[in-house]
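Student: Once you've looked at the hints, dock chain Y with the ligands against the given chain S.
In order, the protein sequences belong to chains S and Y.
Note that this note's numbering has the first sequence beginning at 390, numbered continuously upward.
Note that this note's numbering has the second sequence beginning at 390, numbered continuously upward.
Treat the hints as calculated values from the structure; they're not laboratory data.
Mixed in with the good hints, there may be bad ones.
As the list makes no split between identical chains, a pair holds if one copy fits it or if it spans any two.
[Unchecked claim] Listed next, the in silico PhoX-like pairs over lysine-lysine satisfying Cα-Cα at most 25 Å (straight line):
no., residue 1, residue 2
1, LYS767, LYS851
2, LYS651, LYS687
3, LYS439, LYS496
4, LYS496, LYS448
5, LYS767, LYS407
6, LYS496, LYS811
7, LYS439, LYS474
8, LYS741, LYS509
9, LYS811, LYS600
Keep in mind the model is a prediction, meaning the values are calculated, not measured.
Residues per chain, in single letters:
2 protein chains.
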Amino acid sequence: SHNCSMPAATETIQELVKSKGLEVTNPKVAELLDAQDELADLRKEFHVPKNGDLLEVDKSLVKEGDECIYLCGNSLGLEPTGTRKLITEELDKWARRGVTGHFDDSKRPWVSIDADAVEKSAPIVGASPQEISIMNSLTINLHLLMVAFYRPTKSRFKIIMEAKAFPSDFYALCSQARVHDLDPAEAVIQVAPRDGENFIREEDICDTIAKHGDSVAVVVFSGVQFYNGQFFDIPRITKAAHDVGAFAGFDLAHAVGNVVLKLHEWDVDFACWCSYKYLNSGPGGIAGAFIHGKHHDKELLKFAGWWGVELDTRFDMEYDARFQPGVRGLQCSNPPVLQVVSLLGSLLVFEKTSMGALRKKSELLTGYLELLVHAMVKEMQENNPDKKIVTILTPADPERRGCQLSLLFEEQVETVFQELEKRGVVLDLRKPNVLRVAPVPLYNTFRDVYRFVEYLRAGLSKVHGL
Amino acid sequence: SHNCSMPAATETIQELVKSKGLEVTNPKVAELLDAQDELADLRKEFHVPKNGDLLEVDKSLVKEGDECIYLCGNSLGLEPTGTRKLITEELDKWARRGVTGHFDDSKRPWVSIDADAVEKSAPIVGASPQEISIMNSLTINLHLLMVAFYRPTKSRFKIIMEAKAFPSDFYALCSQARVHDLDPAEAVIQVAPRDGENFIREEDICDTIAKHGDSVAVVVFSGVQFYNGQFFDIPRITKAAHDVGAFAGFDLAHAVGNVVLKLHEWDVDFACWCSYKYLNSGPGGIAGAFIHGKHHDKELLKFAGWWGVELDTRFDMEYDARFQPGVRGLQCSNPPVLQVVSLLGSLLVFEKTSMGALRKKSELLTGYLELLVHAMVKEMQENNPDKKIVTILTPADPERRGCQLSLLFEEQVETVFQELEKRGVVLDLRKPNVLRVAPVPLYNTFRDVYRFVEYLRAGLSKVHGL
Ligand SMILES: Cc1ncc(COP(=O)(O)O)c(C=O)c1O
Ligand SMILES: Cc1ncc(COP(=O)(O)O)c(C=O)c1O
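Same shape as in the complex, but just chain S (with noise of 0.2 Å):
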């Protein structure tokens, strides 16, 4: 009964279910999944919200004292019940020593408050601690890496990149080319799905930049998408890249934490990511940013703060001072306490567990939630043959995707939204019609998916009579 074509969580379940005798609608299924994940305990790390705080609930409807269904982990991860203690602490601090705090024999100098961090966070990017940096926010990161890697010649000048990029990135790689005294419209080449295609075909994107050739300087696409949650190819990007002598550079704002990277071994140039949705850390928390270890014999052009600075003579204020090699030298100012030890929080919860298993998990999680949705449409479509209901935007192949399905529905999904809020479900609605569903395998259980499409689907038979 081996089916080559389908992938190995959506196997796992479909032999469960049968094993079990169940449909895979049943409520049961949700039950032995949970009993049978290794990682259930994870939860208990987070604060999951209660209905009775979420505003939009409707208390006469579901149970204040009930956790919420969070789905919503691609916009903001959930609090670590062990973040508080880490923020009181550098408080307490801050309180009983002043500035010395700088400088004590506490585990965490603030001079080095950002070392743990660092070096939690490169397993999980697929790097050496040397490669990266914790510091600023995503848009800012983006820049300073454009600035040590982007350095557009006459002929050599355009930036590649994903069409409908979230729009920060957009703005940034316009700008950056503005800086330069180009026209983006020339300079910045967008890559698009076909007509009538959901994603973009990474052929596409590796023709794209090798009919560009040599006119591309950088190559700048996400590592998941956000809008429709594409994993991009990275390592054959980065390649197509190298192909043609440009860069490649990764946003992985919705990949970090949620997909298996490995920014050393796949050549990538440049990264930077936020770590306020997968990583936990909190609303606006710190960012990123990885430069590859071939890089650290260079002198990259950068904009330079005193935190680049090697640490030995960062203090002496010499004009001659060395830089660090790679992203630390990049590093401008000294590090935002607060903020690197709100990510901590959630660094230590990830250190309880490993990227691949979370992603092991993280493929069932999503092909379960993939089985119910194509479930609910097929029990639809009996009553309407000639509705198609939704459309998954998200690759069917869990290699190119990440925990994160977009649903595409057919009418307008805001009332239904509406209904699903009520019921304190929390996720992300794209109007008029996009639900982006993010089952997140730190915390999120198969009941919080069972439960979302069972009220999804009562509420688009209410509102739409499906």
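Tutor: Below, chain Y with the ligands without anything else, positioned relative to chain S:
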């Protein structure tokens, strides 16, 4: 008995001393000054470290439970007692509401979390709220502002700055020249004090600007110089820059919350500041940036991001978005919530007074420090007529300095510094022999100043036999 050349603060103290028939070195003077200090209650708004919590303190010399003598607010301001609650509120919101905190009905939805901090920072720098943004870190903001204002051409390409600026600024400005393929040795002009002088003459700054004339693109100075405490004449330097058609920008790290600033009135083009010194926002606290309103109708060149886009269209994610005018258009990323409220904790204390009132006390505090240092030197010179003992590097004119006095000792002061540390004095030593002493009007007392000088006197006698 009115002495026209005597600063008002010195005169006040001299009159008090005279009317009570006391020597200025009598500890009763400190008591009297503290008793008549209308801002004395503000000290209660801060956590003043206790001797027992300072690692360098010798517990046989001072009482563990006593508050230390904290004269280091020029490096890291003390923690306001109200900060913890503000941070806890945001951690609670995150725990209880997850992503819905961005738009919830609380007093501070995250989407506009910076609004309060902007509103309350504006009067401190003498700007309208539309002219400032609270974002990023200081060195990053300096770079973003330089992208907008430093547009070198073949003929106009020079940056004029102070010699021995804070190193981060020097690195930053040199790197700005480099990204434009200019040699910093040619593009960055440094104005130094004359031989044998301790601070830069304003006329030398103006003359240098005039001399370089229309080759000057941007003039960047500190507000208050970090090393010698000189408060530059911002309107005068600004005018000199404008006279040659250049822009004038200021790094206000040591000026903000320390001296009265009128950025708008002074016609300053741009400015940036950190908030962890006199604004007490905590280690690595968030920074600020200013662009004068007269530039609002210009399309500024920028490193762009989504947070620079007008709020009403930001979330539409349209590519032809309208950027906000001025410095708000330079915002890249969503604001770091914990950082912002940590600054807010201090701004709420500033609201209980005014920069004018703080400055008045500050002049008294620093004037008192100056008198005591002079008295100490005079006394010591009775036994050592050939010794200078200490030179105050900071201008004697209160209008040309903030709260900090920088004391240059003839003898190496490191051992004396250690004696001070043992007695719970927290201040900054620049090796080998400069002490930067910053009595901060928000939380320092006249008694702090008195006791510091007493310990200093004792240390100098003991260690150097003075
Ligand atoms: C005058 C001045 N400029 C710049 C900086 C660098 O600040 P940051 O590390 O926040 O960029 C400092 C830090 O103390 C400073 O005092
Ligand atoms: C893919 C992507 N890029 C960039 C950003 C902008 O992030 P920031 O505001 O932290 O710079 C986001 C924010 O959600 C994002 O999802």
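Student: List in ascending order the numbers of the hints, as given earlier, that are violated by the structure.
Tutor: 9
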